[in-house]
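Visitor: The primary structure of each chain is shown beneath.
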Amino acid sequence: MATATAHHENSNYLNHEKGLWSWLTTLDHKRIGLLYFITVALFFLVGGIFALLIRTELYSVGETIMTAEQYARVMTYHGAVMVFLVIIPGIPAFLGNFFLPIQIGAKDVAFPRLNLLSWYCLLLGAGIALTSLFFGGADTGWTFYTPYSIKHSPAVICMALGVFVAGFSSILTGLNFVVTTHKLRAPGMTMNRIPLFVWALYSTAIIQVLATPVLGITVLLLAAENIFGIGFFDPALGGDPVLFQHFFWFYSHPAVYIMILPAFGVISELITTFARKTIFGYTAIAYSSLAIAAVSFFVWGHHMFVSGQSEFAGIVFSFLTMLVGVPTAIKLFNWMATLYKGSINLSAPMLYALGFMFLFTIGGVTGIFLATIATDVHFHDTYFVVAHFHYVMVGGTLMSIMGGIFYWFPKMFGRLCNDAWARVSFVFIFVGFNVTFFPQFVLGSLGMPRRYFDYLPEFQHLNRISTIGSYLIGIGFIVGLITIIHGLLKGEKSGPNPWGGKTLEWTTASPPPHENFLTTPVVTAGPYEYR
Amino acid sequence: MSTVKSSSTGHHHAHHYESADHEYQSSKQGVWLFLCTEILMFGGLFVGYAIFHHLFPETFKVGSKFTDVRYGATNTVVLLASSLSMALGIYYNQIRDKNKAVMALLFTLLCGVIFMVIKYLEYSHKIHLGLMPGDWYRGNAEELAQYVGGLEIPKNLPLYFSFYFMMTGLHGIHVLVGMGLITWVTIRTARGEFGPEYYTPVEGVGLFWHLVDLVWIYLFPLLYLVS
Amino acid sequence: MAHGTHEHHIIPLKTYWTVFAALIFLTVVTVAAAQIDFGALNALVAFGIASVKASLVLGIFMHLKYDNMMNRVIIGSGVFFLLLFWFFSIIDIVTRIPQNSTL
Amino acid sequence: MSFKPLVLLSLLLPGVAGASTFMPPAATVTAGEVDSVYAFLLITSLISFIILIGGMIFFVFKYKRKSATDKTAYITHDHTLEFVWSFIPFLIFMFVFAWGWKIYHDMRHSPEGALEVHVMAKKWDWRFLYKNGKEVTSGLDDKGQKAPATMVVPVGKPVKLIMASEKISAGSTDPMDRPVLHSFFIPAARIKQDVVPGRYTTMWFQLDQPGDYWVFCTEFCGSGHSAMKARISAVPVADFEKWLAAEGTGEMTLADKGRALYSSKACAGCHSADGTRVVGPTFKSAWGASRDIEGGGKATVDENYVRESILNPNAKVAAGYPAGVMPTFAGQLSDDDVKALIEFIKTLK
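Chains as they are written, first to last, in the working numbering: chain S, 1 to 531; chain F, 1001 to 1227; chain V, 2001 to 2103; chain L, 3001 to 3349.
Hint data in this document are derived by calculation from the structure and do not stem from the laboratory. Just so you know, not all the hints are guaranteed correct.
To be verified - Derived pair list, reagent style DSBU-like, types lysine-lysine, alpha-carbon separation capped at 35 angstroms:
#1 L:3062 with S:151
#2 L:3062 with F:1126
#3 L:3229 with F:1061
#4 L:3102 with L:3071
#5 S:493 with L:3349
#6 L:3134 with L:3062
#7 F:1119 with V:2065
#8 L:3071 with S:493
#9 L:3160 with L:3229
#10 S:490 with L:3242
#11 L:3284 with L:3146
#12 L:3062 with S:341
#13 F:1065 with L:3071
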């Protein structure tokens, strides 16, 4: 196959074919990755605007800029867009699509057509879901709890079907990654030599394949509940509203790990490269990803400690939830140990990685507060939970997406972003993040419930701080976006390996050629051989 | 597509695979993963069935009296026969017997049609009695009681029909999709595109069709023979 | 990662027909068994027979018996996680203060 | 440098000791126990955070890149170290799990002889019904603003809530007006419990300090969610008794209302109140008993069982009694009527 060498030196995936149509019909995983980048970024903008609207409304007691009805909708769309259209596809479908095949020395993913189809599924799903806005909008929260969500409302039906279709996107991506990892590794690339980012994506893919179908049937049932009133989740026919929560969280708890496991993978890459040191405990990190993926399937009931679930089930789920904490702790300790005696370069991607560790540690330890059944009864459905999962999802996933973008940017586009401005964006996001969400831990402890349009006057002070913080985050992302656009247009040429990385993507040209490598690489050692 | 290359043996495999067999094995693994997702999706309904059957055994018992075992059993046999002919369709492709392969696949398709016709008869019977899911239920308790020999009609009987229609409906959609896919591979077989060295699409469609059969194997006792 | 072009296993016609006969026979058994009351075991019997049928279809029609390990693991994990889903949902339902409908 | 984390720790610990100040003042014994777990978790979390992030920051400064050609140590793993940092968190997790379990168990099991109050949740209001028929609803304050319903309870006595979700307007046949999930949350008592349509859920607390406490709804239930508040006023027992007997009390106690329904709805025709066997099981000493069910299984005669037996009589027929005899009373008895009958049965000791 090496006969297909480039016609000229500068041939790469970006100029391999030309025109918008070539992008919309591309089967190249790198281009599909970028298509995902653009869509996810747009959805992030939409979800972010909703977030700022929420915080602005909560700036002061009483109605500030919108009515309670509007608030319920804004809150619903913020959650649904961020979860289903931003964080779930975020790392796997964008960075994963681009780098998983390259990191294992493959020419493409196993099923390029399915890969493209998955992107269209995401667009179609998003389209259907957002159509609900024309029917007055859904106001159920992103969790669609029954019986509140059973209201024969076209808006809820659209949301449910949109999520169903977007779920296909996630399934197809996961399926593709599993087969790619199994079957398309370059010669010598054993499972013990694949980079940790690939391990993380592989574990994620397993969850995507095994859990998403249950979300599919759940939202289908929800749609049927709204169309026919089938009664599974409606007490009027003997149905059980709590059963809906079982169905929903059987997917949505593992989905939390769909969101965070790939972030772990990115962080492993960033820490090794920027500490220029082999990862500490490769096996432990790799298998802890798998362990998290497996255990994540039987902890879902911790979302339901006060739902009317039985006491026995609550205790079992609390116990199992504690078990997930262990592999997570292992990862954090391993990353810290990797820094020991390293040569640490504090470029923007590394700052994001360190910021991730800081925020994720807080997100992680507060998770134990929520796993402990006695304290969870108090914290459940308060702002403590909101703060906790934002520390994990935003402090974790979004920090690592940003770090990943700045890290792989030179590989994707052959240019470097301005590191100083990237650091400025980090400072704004990191500081803003803590200002926004740390007060919410206190608010939650004090008893302010989540999804509140209005609150007691004594909560106003902390809410104001939180709102101001959210604007800082907004500024940080705008600075980040400008830095990226500037890098695209004016960034200095980077060369194939600006950071001194050791994984396979740094051995090929920047941007990589259409088939990733001019000659298929032969692997003889592990991924992080910094000797 | 530009991504497909011809190798010396004359069959095709995409540029990122080493050989036709490599591609075949990968594709098959992909199909199995997809079937795994199907199992979990139907599984959601089965779990719901298990729970509500546990809670309301009477409802399910009475509900199943409105199904006709003869129809259900016939459909089971029809689907099993179609599974056999599907397997034969692959077999004849494996030994490059194009005509028999096409015959087998057409027979499979015919079975799909018979299955759907019987399903249509069953559905119209139930709709006629007003036995629809949930809110759409229009059953008259006295009339229905006569139908099942004086058994008391449980108040949440619509729940049974919600399950009946959700489960058979989702299954029916899969049958229709399967029929579409079989039509596609039949045409390709007739064009002579498959042979012992390349028959991945037939194999994949076959696996899907067998899964549809598998689901029915469980649906039949659950919906028709509940005691 | 050698991917040899070894021959795909071809199952003889006779096996297919035997399996088909067995499946039809088991369908008859299912219907017959439904007429007999095994008490609490009713569901188990029906489910058991269905599972025998399912394994025949999986093993022979779907060639899993001759397939590689990974495909068996895949389908096995699908079933395993389904059972897990069923198990944890049902332990809530049966250990609750009995869930009472208010029809 | 290595003692730096310790110094930090010693500076922060006193702050953490007062950690429960993040929580509203604890008003119950359970709340105090929850706060102890919370304080333990806070301190352990802080120590872990300092070890991890302190270590991280320390390494970042100590091993900052000095030249473009720095050599680094090649350390792949260390089994002892890895075991230690897996096992110690595991032990801590198991410890807090067990601790949390114990407290949770106490939260879920109300002591004998608790004062029982019926709580009804609807979009978007709370309503309280005492056994003597006294009903507390929300009203308007002097300024014409909505004043949340105030449940008055005695200080130092356990109170058990029997909670149900109801439609906005009782007896409404509008399919859009369906009961939804709510959640009863008393921050000062650190407890909450969802109110689930179609069944009763219960919770209990014992307030030891007189005072007024907030109740929030914590399960999203629509645009009025954040306005769905109530107050709990804990007063000395004597004051409580006086309040309970004061005007505004219902025309009769719940149990009396139940006794009246028992006659007027002809329950008495089949269920005796004195232990004699008529058509159905007697109500005498039925409450709390464990009963064999036709077709196997047992059921405890509690709120949920009685409610089900009234509305769906053939769901769990007592062993030895004929099925299919009793008609359903769904539609004939309101939610409040069912509660009254339950209270009546409770009195037949």
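Visitor: Take the hints in turn and mark each one as holding or not.
Guide: Here is what the structure says about each hint:
1. L:3062 with S:151: At roughly 60 angstroms apart (the allowed maximum being 35 angstroms), residue 151 (chain S) and residue 3062 (chain L) break the hint.
2. L:3062 with F:1126: violated, 77 angstroms
3. L:3229 with F:1061: With a Cα-Cα distance of about 45 angstroms, the restraint between residue 3229 (chain L) and residue 1061 (chain F) is violated, given a limit of 35 angstroms.
4. L:3102 with L:3071: violated, 53 angstroms
5. S:493 with L:3349: violated, 88 angstroms
6. L:3134 with L:3062: The given pair, whose Cα atoms are some 71 angstroms apart, is violated under the 35 angstroms limit.
7. F:1119 with V:2065: At roughly 32 angstroms apart (the allowed maximum being 35 angstroms), residue 2065 (chain V) and residue 1119 (chain F) satisfy the hint.
8. L:3071 with S:493: holds, 27 angstroms
9. L:3160 with L:3229: holds, 19 angstroms
10. S:490 with L:3242: violated, 81 angstroms
11. L:3284 with L:3146: violated, 44 angstroms
12. L:3062 with S:341: holds, 8 angstroms
13. F:1065 with L:3071: violated, 78 angstroms
Comparing the model with each numbered hint stated earlier shows that hints 1, 2, 3, 4, 5, 6, 10, 11, 13 do not hold.
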